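As they're listed, the protein sequences go chains A and B. The C-terminal position of the first sequence is numbered 97 in the numbering used here, with every residue numbered one higher than the one before it. The C-terminal position of the second sequence is numbered 312 in the numbering used here, with every residue numbered one higher than the one before it.
Keep in mind that a hint or two might mislead.
Once the Cα atoms are required to be at most 20 Å apart in a straight line, the calculated SDA-like pairs of lysine to any residue come out as [claimed, not checked]:
1) A:K34 x B:I308
2) A:K24 x B:K309
3) B:K24 x A:K95
4) B:K309 x B:N294
5) B:K232 x B:I275
6) B:K312 x A:S60
7) B:K24 x A:V65
8) B:K161 x A:Q16
9) B:K220 x B:D79
10) B:K255 x B:G277
11) B:K13 x A:I62
12) B:K161 x A:E50
13) B:K71 x A:D43
14) B:K312 x A:S59
15) B:K24 x A:S66
16) B:K312 x B:G296
17) B:K218 x B:E17
18) A:K34 x A:Q7
19) A:K24 x A:E61
20) A:K95 x A:K80
21) B:K13 x A:D33
22) B:K309 x A:Q7
23) A:K24 x B:G150
24) A:K24 x A:I62
25) B:K255 x B:I266
26) A:K34 x B:K161
27) B:K309 x A:D33
28) B:K312 x A:A67
29) B:K18 x A:E50
30) B:K111 x B:G82
31) B:K161 x B:E242
32) B:K24 x B:D79
33) B:K220 x B:N21
34) B:K161 x A:R42
35) B:K182 x B:K111
To be clear, the hints were calculated from the coordinates, so they are not data collected in a lab. As the structure is a computational prediction, the values presented were derived from the model and not from experiment.
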Amino acid sequence: MSNMENQGPLWEVFIQSKAGQPFKHAGSVHGYDKEMAIENARDVYTRRGEGIALWVVPSSEIVAVSASESNSFFEPADDKIYRHPTFYTLPEGVKQM
Amino acid sequence: MNETLVNQDELLKEFEEKIENEIKIEPRDWMPEEYRQHLIRQISQHAHSEVIGMQPEGNWISRAPSLRAKKILLAKIQDEGGHGLYLYSAAETLGVSRDQFIQWLHEGKAKYASVFNYPALNWADIGAIGWLVDGAAITNQVSLQRTSYGPYSRAMVRICKEESFHQRQGYEIMWKMMEGTKEQQQMAQDALNRWWWPALMMFGPHDSDSPHTSNAMKWKIKRESNDRLREKFINKTIPQAELIGLKVPDPALVKIGEDQYQHGDIDWTEFWEVIKGNGPCNQQRLEHHIKAHNNGSWVRECANEYHIKSNK
Chain A
1 MSNMENQGPL
11 WEVFIQSKAG
21 QPFKHAGSVH
31 GYDKEMAIEN
41 ARDVYTRRGE
51 GIALWVVPSS
61 EIVAVSASES
71 NSFFEPADDK
81 IYRHPTFYTL
91 PEGVKQM
Chain B
1 MNETLVNQDE
11 LLKEFEEKIE
21 NEIKIEPRDW
31 MPEEYRQHLI
41 RQISQHAHSE
51 VIGMQPEGNW
61 ISRAPSLRAK
71 KILLAKIQDE
81 GGHGLYLYSA
91 AETLGVSRDQ
101 FIQWLHEGKA
111 KYASVFNYPA
121 LNWADIGAIG
131 WLVDGAAITN
141 QVSLQRTSYG
151 PYSRAMVRIC
161 KEESFHQRQG
171 YEIMWKMMEG
181 TKEQQQMAQD
191 ALNRWWWPAL
201 MMFGPHDSDS
211 PHTSNAMKWK
221 IKRESNDRLR
231 EKFINKTIPQ
241 AELIGLKVPD
251 PALVKIGEDQ
261 YQHGDIDWTE
271 FWEVIKGNGP
281 CNQQRLEHHI
291 KAHNNGSWVR
301 ECANEYHIKS
311 NK
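Start from the sequences and build out the full structure, keeping to the hints where you can.
Here it is, written out as structure tokens:
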């Protein structure tokens with residue numbers, strides 16, 4: 001961070017829209033601490049009842065796979081088609097499975 | 001490290017294939033430097049516009065004609081600030097800091113929509129701004145929801161959801177004035193007369209004179225041309241004006257089909273003058289932003305100090 005950077009660290013914002021729904025990434029905010037980050041996230045991302053719960057996570061704590069690595073990273077899943085139900089044939093007459 | 005080095009031509013090909021197939025480009029993806037620079041300029045200009053746009057309206061919060069109007073105006077202006085923040089966040093994913101964007105604005109290196117260099121003279125202007133300026137912005141932003149850069153596209157989707165209230169509240173103000181006294185009707189017409197052309201200019205120069213359009217279209221940063229968007233806006237707005245008894249101040253306007261209009265010549269000299277900084281409020285807008293930013297610096301300094309200390 002250079003000297004002029006004084007907007008506070010960046011936080012990623014996740015919103016849960018309804019009970020039972022997964023949290024979804026909404027965007028990011030700056031904040032100097034947890035409390036400020038979550039209040040900023042409320043003011044910026046939920047002015048119209050978009051959520052019933054909110055997470056903020058320091059952006060620097062997020063671990064991600066880079067786009068250039070993603071093919072090889074996910075490759076182990078490519079040849080395991082037997083993990084999908086459609087791989088299997090069923091005898092005729094099975095009603096529901 | 002060496003194994004991840006890929007030939008530039010290869011990367012460009014992959015990038016262009018994604019664009020071709022409508023796959024969004026994300027912050028960590030490779031992108032041509034020119035694409036990145038175009039986005040940095042466009043998204044930050046968009047963010048600055050939202051924030052500077054709070055000024056002409058902010059002027060009327062304390063003079064709103066009713067508590068209802070005041071609450072609505074406050075909510076709208078708060079939204080504009082929020083939209084600025086969505087857009088700064090999107091722009092920051094391109095590797096430039098928030099402080100840097102603000103510095104470029106203050107140094108005059110970054111622009112904002114020149115329409116905000118016009119003053120809001122009376123309450124009818126608040127109606128005209130919501131109806132026309134937000135209306136023009138929506139037309140542009142609906143199209144930008146399909147922009148190729150993921151964070152920008154997602155910010156646009158969020159913004160569009162919120163903007164339609166802005167336009168409706170503006171139109172309602174105009175409509176109520178048109179239902180009012182003769183003087184009120186004249187105020188509404190006068191505001192339309194003053195804001196119509198600046199709103200048309202918001203779409204930028206004609207396609208034939210637009211310096212940034214070609215690569216932006218090729219890489220799908222922009223999805224529709226300036227002239228096409230302007231046409232869409234006119235076609236939607238003129239019937240709205242007529243419905244409440246307002247007359248668009250364009251003697252050369254012709255109806256060329258069902259809800260299709262052709263406007264007269266735009267005064268581009270005025271447009272370029274305002275862009276160059278010679279509009280009625282350029283200096284005032286920028287000075288106010290600099291002042292507000294500097295007045296808040298002690299808050300940021302304290303908060304930053306607190307942050308450093310509490311993380312020791």
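Each hint, compared with the structure:
1. A:K34 x B:I308: Holds, at about 14 Å.
2. A:K24 x B:K309: violated, 32 Å
3. B:K24 x A:K95: violated, 42 Å
4. B:K309 x B:N294: violated, 23 Å
5. B:K232 x B:I275: With Cα atoms ~24 Å apart, B:K232 and B:I275 exceed 20 Å; violated.
6. B:K312 x A:S60: holds, 17 Å
7. B:K24 x A:V65: It holds: about 17 Å lies between the C-alpha atoms, which stays within 20 Å.
8. B:K161 x A:Q16: This hinted pair holds, its Cα atoms lying about 18 Å apart.
9. B:K220 x B:D79: violated, 27 Å
10. B:K255 x B:G277: violated, 35 Å
11. B:K13 x A:I62: Measuring from Cα to Cα gives roughly 29 Å; hence the hint is violated.
12. B:K161 x A:E50: Measuring from Cα to Cα gives roughly 11 Å; hence the hint holds.
13. B:K71 x A:D43: Given that 20 Å is the threshold and the Cα spacing comes to 16 Å, the pair holds.
14. B:K312 x A:S59: holds, 19 Å
15. B:K24 x A:S66: The given pair, whose Cα atoms are some 15 Å apart, holds under the 20 Å limit.
16. B:K312 x B:G296: At roughly 25 Å apart (the allowed maximum being 20 Å), B:G296 and B:K312 break the hint.
17. B:K218 x B:E17: Given that 20 Å is the threshold and the Cα spacing comes to 12 Å, the pair holds.
18. A:K34 x A:Q7: OK: A:K34 and A:Q7 at ~14 Å, within 20 Å.
19. A:K24 x A:E61: holds, 17 Å
20. A:K95 x A:K80: The hint is violated at about 26 Å.
21. B:K13 x A:D33: It is violated: about 42 Å lies between the C-alpha atoms, which goes past 20 Å.
22. B:K309 x A:Q7: Holds, because 16 Å separates the two Cα atoms, which is no more than 20 Å.
23. A:K24 x B:G150: holds, 15 Å
24. A:K24 x A:I62: holds, 15 Å
25. B:K255 x B:I266: holds, 17 Å
26. A:K34 x B:K161: violated, 28 Å
27. B:K309 x A:D33: Between B:K309 and A:D33 the Cα gap is close to 11 Å, so the pair holds against 20 Å.
28. B:K312 x A:A67: violated, 34 Å
29. B:K18 x A:E50: This hinted pair is violated, its Cα atoms lying about 31 Å apart.
30. B:K111 x B:G82: At roughly 19 Å apart (the allowed maximum being 20 Å), B:G82 and B:K111 satisfy the hint.
31. B:K161 x B:E242: The hint is violated at about 26 Å.
32. B:K24 x B:D79: Roughly 26 Å between the alpha carbons, so the hint for B:K24 and B:D79 is violated.
33. B:K220 x B:N21: With Cα atoms ~11 Å apart, B:K220 and B:N21 stay inside 20 Å; holds.
34. B:K161 x A:R42: holds, 17 Å
35. B:K182 x B:K111: Answer violated: B:K182 to B:K111 is near 39 Å, above 20 Å.
In the structure shown, a violation is registered for the earlier hints numbered 2, 3, 4, 5, 9, 10, 11, 16, 20, 21, 26, 28, 29, 31, 32, 35, in ascending order.
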